[in-house]
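Take these sequences, add in the hints, and give me the full structure.
So the sequences go chain by chain: D and C.
Residue numbering for the first sequence follows our numbering, starting at 1 and increasing by one per position.
Residue numbering for the second sequence follows our numbering, starting at 1 and increasing by one per position.
Incorrect hints may appear among the rest.
[Unchecked claim] Below 20 Å or equal to it, Euclidean Cα-Cα: the simulated SDA-like pairs (lysine to any residue) are:
id: 1; chain 1: D; residue 1: LYS257; chain 2: C; residue 2: THR346
id: 2; chain 1: C; residue 1: LYS21; chain 2: D; residue 2: LEU94
id: 3; chain 1: C; residue 1: LYS21; chain 2: D; residue 2: PRO368
id: 4; chain 1: C; residue 1: LYS21; chain 2: D; residue 2: GLY367
id: 5; chain 1: C; residue 1: LYS184; chain 2: C; residue 2: ASN259
id: 6; chain 1: C; residue 1: LYS21; chain 2: D; residue 2: ALA366
id: 7; chain 1: D; residue 1: LYS157; chain 2: D; residue 2: LYS106
id: 8; chain 1: C; residue 1: LYS234; chain 2: D; residue 2: ALA377
id: 9; chain 1: D; residue 1: LYS257; chain 2: C; residue 2: ARG341
id: 10; chain 1: D; residue 1: LYS257; chain 2: C; residue 2: ARG348
Just so you know, these hints were derived from the structure itself, not from any lab.
Given the structure is predicted, the values throughout are model-derived calculations rather than measurements.
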Amino acid sequence: MKLFAIRGGIHPEYRKELASDKAITALPMPQRLRILLHQHIGAPARLLVAAGERVLKGQMIAQGQGPVSAPAHAPTSGYIESVSEVTAPHASGLAQTAVVLVPDGKEEWAPLPTPLADPLTAEPQLIRDLVAQAGIVGMGGAAFPSVVKLHLGTQRKLEMLVLNGAECEPYLTCDDRVMREHPDEVIDGARIMAHALGAPLVIIGIEDNKPEALEAMTREAAAFPEVQVRPVPVQYPMGSERHLVQALTGRETPAAKLTADIGAVVHNVATAQAIHHAVRFGRPLIERVVTVSGRAVREPRNILAPIGAPVTALIDFCGGLVGVPARLVQGGPMMGQPLPSLDVPVIKGTSGILALNAEETGEAEAGPCIRCGTCVAICPCGLVPLEMAAFIRTDNLDGANNLGVTECLSCGSCSWACPSHIPLVQYFNYAKGMLKTKERDRTKHERTKTLTEAHRDRLERAAAAKAAAAAAKATTKGTPPAARQPRAEEPAEA
Amino acid sequence: MMIETATTSAPYTHSAASVQKTMTTVILALVPATAFNLYLFGWPAVFLFAVTVGACAAMEGLALLISGRRLMPTLGDGSAVLTGWLLAMTLPPWAPWWTGLLGAVFAILLGKQIFGGLGQNLFNPAMVARVALLVSFPVAMTSWVAPHPLFWTGTPGFLEALAITFGGQIPDGYSAATALGLVKTGLSMGQTVSQSVGQLPDLMDMGLGLRAGSLGETSALLILAGGLFLIWKKVITWHVPAAMLGTLFVAATLGHLANPERFTDGTFQILSGAAFLGAFFIATDYVTSPVSKTGQLIFGFGVGLLTWIIRSFAGYPEGVAFAVLLMNSLTPIIDQYTRPRRFGRTRRGEPLAPQGDK
Numbered sequence: 001m002k003l004f005a006i007r008g009g010i011h012p013e014y015r016k017e018l019a020s021d022k023a024i025t026a027l028p029m030p031q032r033l034r035i036l037l038h039q040h041i042g043a044p045a046r047l048l049v050a051a052g053e054r055v056l057k058g059q060m061i062a063q064g065q066g067p068v069s070a071p072a073h074a075p076t077s078g079y080i081e082s083v084s085e086v087t088a089p090h091a092s093g094l095a096q097t098a099v100v101l102v103p104d105g106k107e108e109w110a111p112l113p114t115p116l117a118d119p120l121t122a123e124p125q126l127i128r129d130l131v132a133q134a135g136i137v138g139m140g141g142a143a144f145p146s147v148v149k150l151h152l153g154t155q156r157k158l159e160m161l162v163l164n165g166a167e168c169e170p171y172l173t174c175d176d177r178v179m180r181e182h183p184d185e186v187i188d189g190a191r192i193m194a195h196a197l198g199a200p201l202v203i204i205g206i207e208d209n210k211p212e213a214l215e216a217m218t219r220e221a222a223a224f225p226e227v228q229v230r231p232v233p234v235q236y237p238m239g240s241e242r243h244l245v246q247a248l249t250g251r252e253t254p255a256a257k258l259t260a261d262i263g264a265v266v267h268n269v270a271t272a273q274a275i276h277h278a279v280r281f282g283r284p285l286i287e288r289v290v291t292v293s294g295r296a297v298r299e300p301r302n303i304l305a306p307i308g309a310p311v312t313a314l315i316d317f318c319g320g321l322v323g324v325p326a327r328l329v330q331g332g333p334m335m336g337q338p339l340p341s342l343d344v345p346v347i348k349g350t351s352g353i354l355a356l357n358a359e360e361t362g363e364a365e366a367g368p369c370i371r372c373g374t375c376v377a378i379c380p381c382g383l384v385p386l387e388m389a390a391f392i393r394t395d396n397l398d399g400a401n402n403l404g405v406t407e408c409l410s411c412g413s414c415s416w417a418c419p420s421h422i423p424l425v426q427y428f429n430y431a432k433g434m435l436k437t438k439e440r441d442r443t444k445h446e447r448t449k450t451l452t453e454a455h456r457d458r459l460e461r462a463a464a465a466k467a468a469a470a471a472a473k474a475t476t477k478g479t480p481p482a483a484r485q486p487r488a489e490e491p492a493e494a
Numbered sequence: 001m002m003i004e005t006a007t008t009s010a011p012y013t014h015s016a017a018s019v020q021k022t023m024t025t026v027i028l029a030l031v032p033a034t035a036f037n038l039y040l041f042g043w044p045a046v047f048l049f050a051v052t053v054g055a056c057a058a059m060e061g062l063a064l065l066i067s068g069r070r071l072m073p074t075l076g077d078g079s080a081v082l083t084g085w086l087l088a089m090t091l092p093p094w095a096p097w098w099t100g101l102l103g104a105v106f107a108i109l110l111g112k113q114i115f116g117g118l119g120q121n122l123f124n125p126a127m128v129a130r131v132a133l134l135v136s137f138p139v140a141m142t143s144w145v146a147p148h149p150l151f152w153t154g155t156p157g158f159l160e161a162l163a164i165t166f167g168g169q170i171p172d173g174y175s176a177a178t179a180l181g182l183v184k185t186g187l188s189m190g191q192t193v194s195q196s197v198g199q200l201p202d203l204m205d206m207g208l209g210l211r212a213g214s215l216g217e218t219s220a221l222l223i224l225a226g227g228l229f230l231i232w233k234k235v236i237t238w239h240v241p242a243a244m245l246g247t248l249f250v251a252a253t254l255g256h257l258a259n260p261e262r263f264t265d266g267t268f269q270i271l272s273g274a275a276f277l278g279a280f281f282i283a284t285d286y287v288t289s290p291v292s293k294t295g296q297l298i299f300g301f302g303v304g305l306l307t308w309i310i311r312s313f314a315g316y317p318e319g320v321a322f323a324v325l326l327m328n329s330l331t332p333i334i335d336q337y338t339r340p341r342r343f344g345r346t347r348r349g350e351p352l353a354p355q356g357d358k
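Written as structure tokens, this is what we have:
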């Protein structure tokens, strides 16, 4: 089975050994869970419960609204203490609405949706309904509602489901552990997804620094001829959808298109496991595996944590911190979010909680660009970071746009490698934000313009019609024009 | 607990690379060739080297003070020392002290700081200084000596060397011509190339560096070793040196085949003058050369070709410095036309057509 080269990429220190041999352990139920209403990309969910109410495990407490959204469920039974604003696990440190749930320790399940008896032959819409109800979002970190991606097969002819088991972010081992400990559930979830997508083939790409996961998954896949497990080279950012598809198939996703447009839909392995649970047992997404790691953590491990659990509880479960960390990160060190504090809840997209010491972050003051070209050589998207940064520095956003700054993945490779420690990704994120705002303003302006013009046209037409009618009345009194009947042989539309 | 809560964006990890480390590695790679040549040309070379490097560091400090910037970390990044080091290597080994000092003014103040400091200059500062000195003070800049290793009989001692460097007088009997100079003079006097080359050390000695030439450029072998070290350390890639030396070699070989009495051969061309030093240490300067590999191949090709043209047809026997400066001026345009192909797009920037199976 041939693999294809991807451009650029880097080899950061992976440091997966800190947690990779730690089996997934369940977090003891914390005293309080704070379940955010907005844990996904898209519209926030709409609250269904009120303070004082008792909820059961798996009960929907907020409903998805709009085409891109996902519901939230109670991770355990207990009482709603309040609906309040809590610090979200986001760089801004801004507050977001959360349901505060005090567990009652009874673990009493709510009635769940009826699972499918045989999902592999079921009507795809039934699978999608269960996935939507279960509130599953992409668990690799992006948290895109999974059901939206399962619809892609309805509009396109798909050839394959690519399962992303690359886990290319340093430190993170949650996907590795899921594949090692539950390969049967991951592969079953993948087959269910492939069926829902109408894709005849499943290719599971796993970076070859995870031999145990490769072995477990290969063994489990042996029974299914349509499922292939393939090692991919350790090369960050192999976990980027487009790059993983390119490495596995040699196909390059055209700009402004989706991988689905070249026949492949990509889902994360943990998402597949969640889909297995949703479709086979009707279980919503109420917990996830989180890697807690970094040298500032006493005992790094992989924790099965209920959604809404305080990050402090996870850290405590790891024996606490060693000294004051230089950085707290949610997700991996390359693309993760800085955490404003430890007092934030776990959300569906929390793949990792990292407490990094100063030596690990290697932060230093930024110096001038020496044009070494490293960023150009390693950019997996073929961009020229140093030139884009030069434009952004002088606030020439159009210049940066022409060089393709909006196609930057923010993978962090250039910042990581820059000998001058220039925070290139930060420049690009700023530019992308500004360009998006500008574009939104422009579309809004154009829309207003079109509407105004249409309105004026309509008024003019009405006035003209009125005038014509008045004129006709004046000239041809009493003889209405004969209505012209279309002849049978005439096509309806010329 | 107080935790760093700055809202800068990812990544939160960094490679071990730093500007200082890069500069240090380049300097380390220059050490063998420098040490050998300082030994080969004796105390006057040692003094000139010290003056040049010291003056460049001092000029950098002065510029930072004048413009009200902090001395550190800029002075500590090693770039000024490296510029001084490279400049010293291209000076005649017994040149007077003021060439080093004036060279530092040209290199650091006019070649680098006036553009805004490290990374902002269009031209290689060491080459700016060398060419400025060469056209301003042609005599001092073309007074070559034969190798006079330290501690040999007949070699200037410490005090005599002080007089040479700081008194500005090279005693009679030491001077010699460089290989390129000899050929150029020979041609102007109606001699054929083979007649001139006959008077030179053999190729082996040329490669080892046992010949007249600039302070640090004569030992092609040790410079090659330093260059390979840089490639191994991934500070530079093979593109610029291979393209430059390859082009120079091929151009010279073609010329030699066409007219052996007029043009020296390829081996002679790459082993003489600053060809190796230029290929591995000067044309590879990050700041003034293109960033993409394709761009670097074009750049190296240009430097090689221009070097041969200048050496063969222009008034000066040596052409590396001029060739590098000329190509430096083309770097921005080369960069513009050699950007990588963007993911999902054609070279021209159009989105790719969706591929079916492949």
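Going down the list of hints, with the structure as the test:
For a cut-off of 20 Å, the pair hint linking LYS257(D) to THR346(C) stands: about 14 Å separates their Cα positions. For the proposed pair LYS21(C) and LEU94(D), the alpha carbon gap of about 40 Å is over 20 Å, so the pair is violated. Restraint check: the Cα-Cα separation between LYS21(C) and PRO368(D) comes to about 15 Å, which is no more than 20 Å; the hinted pair holds. About 13 Å separates the Cα atoms of LYS21(C) and GLY367(D), which keeps this hinted pair within 20 Å; it holds.
With a C-alpha separation of about 15 Å, the suggested pair LYS184(C) and ASN259(C) falls inside the 20 Å cut-off, and the hint holds. Between LYS21(C) and ALA366(D), the direct Cα distance comes to roughly 15 Å. Compliance with the 20 Å bound is thereby established for this hinted pair. A threshold of 20 Å between alpha carbons decides the hint, and for LYS157(D) with LYS106(D) the separation of about 47 Å lies outside it, so the pair is violated. Pair hint LYS234(C) plus ALA377(D) holds up; C-alpha atoms about 12 Å apart against a cutoff of 20 Å.
Restraint check: the Cα-Cα separation between LYS257(D) and ARG341(C) comes to about 17 Å, which is no more than 20 Å; the hinted pair holds. Of the pairs offered as hints, the one joining LYS257(D) and ARG348(C) holds, with about 18 Å between alpha carbons and a cut-off of 20 Å not exceeded.
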